[in-house]
Amino acid sequence: MNLWQFILENHAEVTQLTLEHIWLVGVSTLLAVAIGMPLGILLTRCPALRRPVLGSANVIQTIPSLALFGFLLPAPWIGARADRLAILALMLYALLPLIRNTYAGIQSVDPSVLEAGRGMGLTNRQLLFQVELPLALGVIIAGIRVATVLSVGLATIAAAVGAGGLGEYIFRGLAMVNNTVILAGALPAAALALLADAGFGWLEKRLRPQDARRTSYASPS
Amino acid sequence: MDSSAAIEFQHVSYHADQGEAILHDLNLAIQRGETLVLLGRSGSGKTTTLKLINHLLTPTSGEIRVAGRALAEWDVIRLRRMIGYVIQEVGLFPHFTIEKNIGLVPKIENWPQDRIRRRVEELLHLVGLDPQIATRFPRELSGGQRQRVGVARALAADPPILLMDEPFGALDPLTRAQLQREFLALEARLGKTVVFVTHDLNEALLVGTRIALLEAGRLVTLTTREEFLRSREPLAIAYRNAFSPDFSGKRDGV
Numbered sequence: 262m263n264l265w266q267f268i269l270e271n272h273a274e275v276t277q278l279t280l281e282h283i284w285l286v287g288v289s290t291l292l293a294v295a296i297g298m299p300l301g302i303l304l305t306r307c308p309a310l311r312r313p314v315l316g317s318a319n320v321i322q323t324i325p326s327l328a329l330f331g332f333l334l335p336a337p338w339i340g341a342r343a344d345r346l347a348i349l350a351l352m353l354y355a356l357l358p359l360i361r362n363t364y365a366g367i368q369s370v371d372p373s374v375l376e377a378g379r380g381m382g383l384t385n386r387q388l389l390f391q392v393e394l395p396l397a398l399g400v401i402i403a404g405i406r407v408a409t410v411l412s413v414g415l416a417t418i419a420a421a422v423g424a425g426g427l428g429e430y431i432f433r434g435l436a437m438v439n440n441t442v443i444l445a446g447a448l449p450a451a452a453l454a455l456l457a458d459a460g461f462g463w464l465e466k467r468l469r470p471q472d473a474r475r476t477s478y479a480s481p482s
Numbered sequence: 448m449d450s451s452a453a454i455e456f457q458h459v460s461y462h463a464d465q466g467e468a469i470l471h472d473l474n475l476a477i478q479r480g481e482t483l484v485l486l487g488r489s490g491s492g493k494t495t496t497l498k499l500i501n502h503l504l505t506p507t508s509g510e511i512r513v514a515g516r517a518l519a520e521w522d523v524i525r526l527r528r529m530i531g532y533v534i535q536e537v538g539l540f541p542h543f544t545i546e547k548n549i550g551l552v553p554k555i556e557n558w559p560q561d562r563i564r565r566r567v568e569e570l571l572h573l574v575g576l577d578p579q580i581a582t583r584f585p586r587e588l589s590g591g592q593r594q595r596v597g598v599a600r601a602l603a604a605d606p607p608i609l610l611m612d613e614p615f616g617a618l619d620p621l622t623r624a625q626l627q628r629e630f631l632a633l634e635a636r637l638g639k640t641v642v643f644v645t646h647d648l649n650e651a652l653l654v655g656t657r658i659a660l661l662e663a664g665r666l667v668t669l670t671t672r673e674e675f676l677r678s679r680e681p682l683a684i685a686y687r688n689a690f691s692p693d694f695s696g697k698r699d700g701v
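Residue numbers (this note's numbering), protein chains in the order written: chain A, 262 to 482; chain B, 448 to 701.
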């Protein structure tokens, strides 16, 4: 049976698993944004936290994904449901690019722009929301892009703990030694990753101010 | 104590984080409506002095009074909004149009929309720019245009005090000369209290009512323009020699 036939015959299940996959990635990435962005902002305000926070996020990234899923299994509320567990693990992986890019994006804002803003009497909050975040947005979106693409791939592992998603086909195919079934999971997952990459890439380009860093060298109009 | 002083430094010292002294026991009274130039070389403490006025830096000791009130009595945000601030790098917000750049403080101060628009137009006229550029972004302007916008932005909420940190230092000599002349005309019209930082004696003599000569964090002399030209102070003589007409062809290469 070729792949196309398999997908047609099982289109309901393929759709179901794809939606599960998107759910896992979407929720975990949103959570990572909700936690990672404020943390990244915090790092720009308290330089002392930079090493420990970025260090921890780095360490999490080095844990093999299968092992992380395994570690979280005995956790009380988390381990009770596979999708909670998968979302938590994916969120932890997505944290690093979000914290790092939020921090880097804000740090890259031209210091003279901040000095002018502070000098003209903007409060810290106004400076953050009107100047720093808008100027860092392109870099932050780039972080979300990396995190999402990473999660789409990692989420296939979530099937190992029974969280569903397109990994189901991959693990099933591996067990059955059936390449068609493996591909039925792998190809849509790859397509999702490419789609997310292209979508966020487009957004990033639109939102990145062309000269967020330096305004001094543009040629006269 | 001088009651007509707009800004007053009383025994002000400032030390960097490492404890290294940048300003030593500065005493200075800046009169209402004058343009006081802080002249000195890099590291003399002139920019530090400026940033102490709008509280971007906090003095290690001594007292600074603005409009008769000590800095501690001021709400820092209110203080900064009544002090226009112009820096060499301009620091326009690259993601805002020219109109939004100039109108930001009025907007934060909740001016009605049409009043902000009228004010922006008026200011663009005042600094010699075509109001058409209001919808452009900073990257679309030349360096001279950007600094004009920087001045307009500093004047937006009509602050009585203007701090200018080498505002024309990054411009080419012709644009600089033009902006200096326009600044003089503007200042004659608006009568703001201006504190102007420069390392260029010609600029200091052109724009300043009085010149405060700083060296290594100390005030060396505080003189009028004319007094400066006659001063026997060795550093003032050194400045005059460095900028003497014989070498004027080289001065812009600094």
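If you're looking for bench data, these hints aren't it; they were derived computationally from the structure. It should be emphasised that the depicted structure is a prediction, and the values quoted were computed from it without experimental measurement. Quick reminder that beta carbons are idealized off the backbone N, C-alpha and C, glycines included. Treat the hints loosely; a few may be bogus.
[Said to hold, decoys possible] Partner residues are not named here, just some residues of chain B that face chain A (Cβ under 8 Å, in silico): (1) Leu475; (2) Arg479; (3) Asn501; (4) Leu503; (5) Leu504; (6) Arg528; (7) Tyr532; (8) Phe540; (9) His542; (10) Val552; (11) Asp605; (12) Pro607; (13) Gly616; (14) Leu618.
Verification of the supplied hints:
Contact between B/Leu475 and chain A, as hinted, is not supported at the beta carbon level, the nearest pair being about 20 Å apart and thus beyond 8 Å. This hint is violated: B/Arg479 has a C-beta 21 Å from the nearest C-beta of chain A, more than the 8 Å allowed. At about 6 Å, the closest approach between the beta carbon of B/Asn501 and any beta carbon in chain A falls short of 8 Å, and the interface hint on this residue holds. About 6 Å separates the beta-carbon of B/Leu503 from the nearest beta-carbon of chain A, less than 8 Å, and the hint is met.
Given hint, B/Leu504 at the interface with chain A, is violated; its Cβ is 11 Å from that chain's nearest Cβ, farther than 8 Å. A cut of 8 Å between beta carbons decides the hint on B/Arg528: the least distance to chain A is about 4 Å, and the hint holds. For B/Tyr532, the interface hint holds, since its Cβ comes within 8 Å of a Cβ in chain A; the closest pair sits about 3 Å apart. Using the Cβ-Cβ criterion of 8 Å, the hint placing B/Phe540 at the interface with chain A is satisfied: the shortest such distance is roughly 6 Å.
Interface hint at B/His542: satisfied, since its Cβ lies 5 Å from the closest Cβ of chain A, which is below the 8 Å cut-off. Because the beta carbon of B/Val552 sits about 6 Å from the nearest beta carbon in chain A, less than 8 Å, this interface hint is met. Annotation: B/Asp605 was flagged as interfacial toward chain A, and the flag is violated, the nearest CB pair being 13 Å apart, outside 8 Å. Violation of the interface hint for B/Pro607 is found here, the shortest Cβ-Cβ separation to chain A being roughly 14 Å, above the 8 Å cut-off.
Checking B/Gly616 against chain A: minimum C-beta separation of about 12 Å lies over 8 Å; hint violated. The interface hint given for B/Leu618 is violated, since its Cβ lies 11 Å from the closest Cβ of chain A, which is over the 8 Å cut-off.
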